[in-house]
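Colleague: Below are the chains, spelled out letter by letter.
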Amino acid sequence: DGGITQSPKYLFRKEGQNVTLSCEQNLNHDAMYWYRQDPGQGLRLIYYSQIVNDFQKGDIAEGYSVSREKKESFPLTVTSAQKNPTAFYLCASSIFRKGASGNTIYFGEGSWLTVV
Amino acid sequence: QQQVKQSPQSLIVQKGGISIINCAYENTAFDYFPWYQQFPGKGPALLIAIRPDVSEKKEGRFTISFNKSAKQFSLHIMDSQPGDSATYFCAANPSGSRLTFGEGTQLTVNP
Numbered sequence: 083d084g085g086i087t088q089s090p091k092y093l094f095r096k097e098g099q100n101v102t103l104s105c106e107q108n109l110n111h112d113a114m115y116w117y118r119q120d121p122g123q124g125l126r127l128i129y130y131s132q133i134v135n136d137f138q139k140g141d142i143a144e145g146y147s148v149s150r151e152k153k154e155s156f157p158l159t160v161t162s163a164q165k166n167p168t169a170f171y172l173c174a175s176s177i178f179r180k181g182a183s184g185n186t187i188y189f190g191e192g193s194w195l196t197v198v
Numbered sequence: 002q003q004q005v006k007q008s009p010q011s012l013i014v015q016k017g018g019i020s021i022i023n024c025a026y027e028n029t030a031f032d033y034f035p036w037y038q039q040f041p042g043k044g045p046a047l048l049i050a051i052r053p054d055v056s057e058k059k060e061g062r063f064t065i066s067f068n069k070s071a072k073q074f075s076l077h078i079m080d081s082q083p084g085d086s087a088t089y090f091c092a093a094n095p096s097g098s099r100l101t102f103g104e105g106t107q108l109t110v111n112p
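Residue numbers (our numbering), protein chains in the order written: chain A, 83 to 198; chain B, 2 to 112.
I should point out that these hints are in silico values taken from the structure, not numbers from a laboratory. Be aware that a few hints might be false.
Not everything, but these chain B residues come out facing chain A in the computed CB check (under 10 Å) [as the list claims (entries may be wrong)]: (1) SER8; (2) SER11; (3) TYR33; (4) ALA50; (5) PHE63; (6) LEU100.
With a straight-line cut-off of 25 Å between C-alpha atoms, the simulated PhoX-like cross-links for lysine-lysine are [what the hints assert, rightly or not]: (7) A/LYS91 with B/LYS43; (8) B/LYS16 with B/LYS69; (9) A/LYS139 with A/LYS153; (10) B/LYS6 with B/LYS69; (11) B/LYS43 with B/LYS16; (12) B/LYS6 with B/LYS43; (13) A/LYS139 with B/LYS58; (14) B/LYS43 with A/LYS153; (15) B/LYS58 with B/LYS69.
Covered stretches of chain A, as calculated for chain B (at least 3 residues, CB under 8 Å) [as the list claims (entries may be wrong)]: (16) 97-110; (17) 125-131.
Just so it is clear, CB atoms sit at the ideal spot from N, CA and C, and this is done for glycine as well.
Build out the structure end to end from the sequences listed, making use of the hints.
Modeller: What follows is the structure in structure tokens.
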């Protein structure tokens, strides 16, 4: 099946630990994104990448890091510097056409991160 | 300039009624306006989208109305069903730039 796979679905982190959320897509999309969603809140962009080995900060990048070594993979690390990491994390991907809009963003099923 | 303001934050509708969610934007460079539907514990999925060269787009019970001069667009759900209960996000982006999402509307359709 084509799509975006996020793992794990549920993750618990102790304070002071780094954790990494996995995101893999087999849609052959160039662009990948990480969003954070807090209960009853909208979608806030953490990082995005339009091409392998390149990525840009979104609106709330502090305390997070990413890498894009392969086209199909865009892992997100939540570092100990992120003071309030408990949230629902969504990975997404889309075709990237420079200078064009209208590229549908497809989302994964999300990962719940809880700090204990 | 990059914001999209969405209202209401929550909406309760009776089965068979019309659900209306509104969004407003400031950036006149926005040229693509999608709506996403999200069920609890799931990722959002594209529902319907419109470009500013048309004033309305209909897909089944879902209609987007677009008012370019007012910089507003809205989602209408006709004959609302309990299965439509979800969170709806409007979004917008200019050419070559990333999507900006509204804050979301939690829709509850009572049977």
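Colleague: A separate judgement is required for each hint: does it hold in the structure or not?
Modeller: Consistency of the hints with the structure:
1. SER8: 13 Å, violated
2. SER11: 9 Å, holds
3. TYR33: 4 Å, holds
4. ALA50: 7 Å, holds
5. PHE63: Nearest chain A Cβ about 16 Å off; hint violated.
6. LEU100: 6 Å, holds
7. A/LYS91 with B/LYS43: 11 Å, holds
8. B/LYS16 with B/LYS69: 31 Å, violated
9. A/LYS139 with A/LYS153: 18 Å, holds
10. B/LYS6 with B/LYS69: Cα-Cα ~15 Å, so holds.
11. B/LYS43 with B/LYS16: Answer holds: B/LYS43 to B/LYS16 is near 23 Å, not above 25 Å.
12. B/LYS6 with B/LYS43: Holds. B/LYS6 to B/LYS43 sits at ~23 Å (cutoff 25 Å).
13. A/LYS139 with B/LYS58: 34 Å, violated
14. B/LYS43 with A/LYS153: 24 Å, holds
15. B/LYS58 with B/LYS69: It holds: about 14 Å lies between the C-alpha atoms, which stays within 25 Å.
16. 97-110: With 0 residues in contact (Cβ-Cβ under 8 Å with chain B), the coverage given for the stretch 97-110 of chain A is violated.
17. 125-131: With 3 residues close enough to chain B, the hint holds.
Hint compliance for this structure: hints 1, 5, 8, 13, 16 are not met, and every other hint is.
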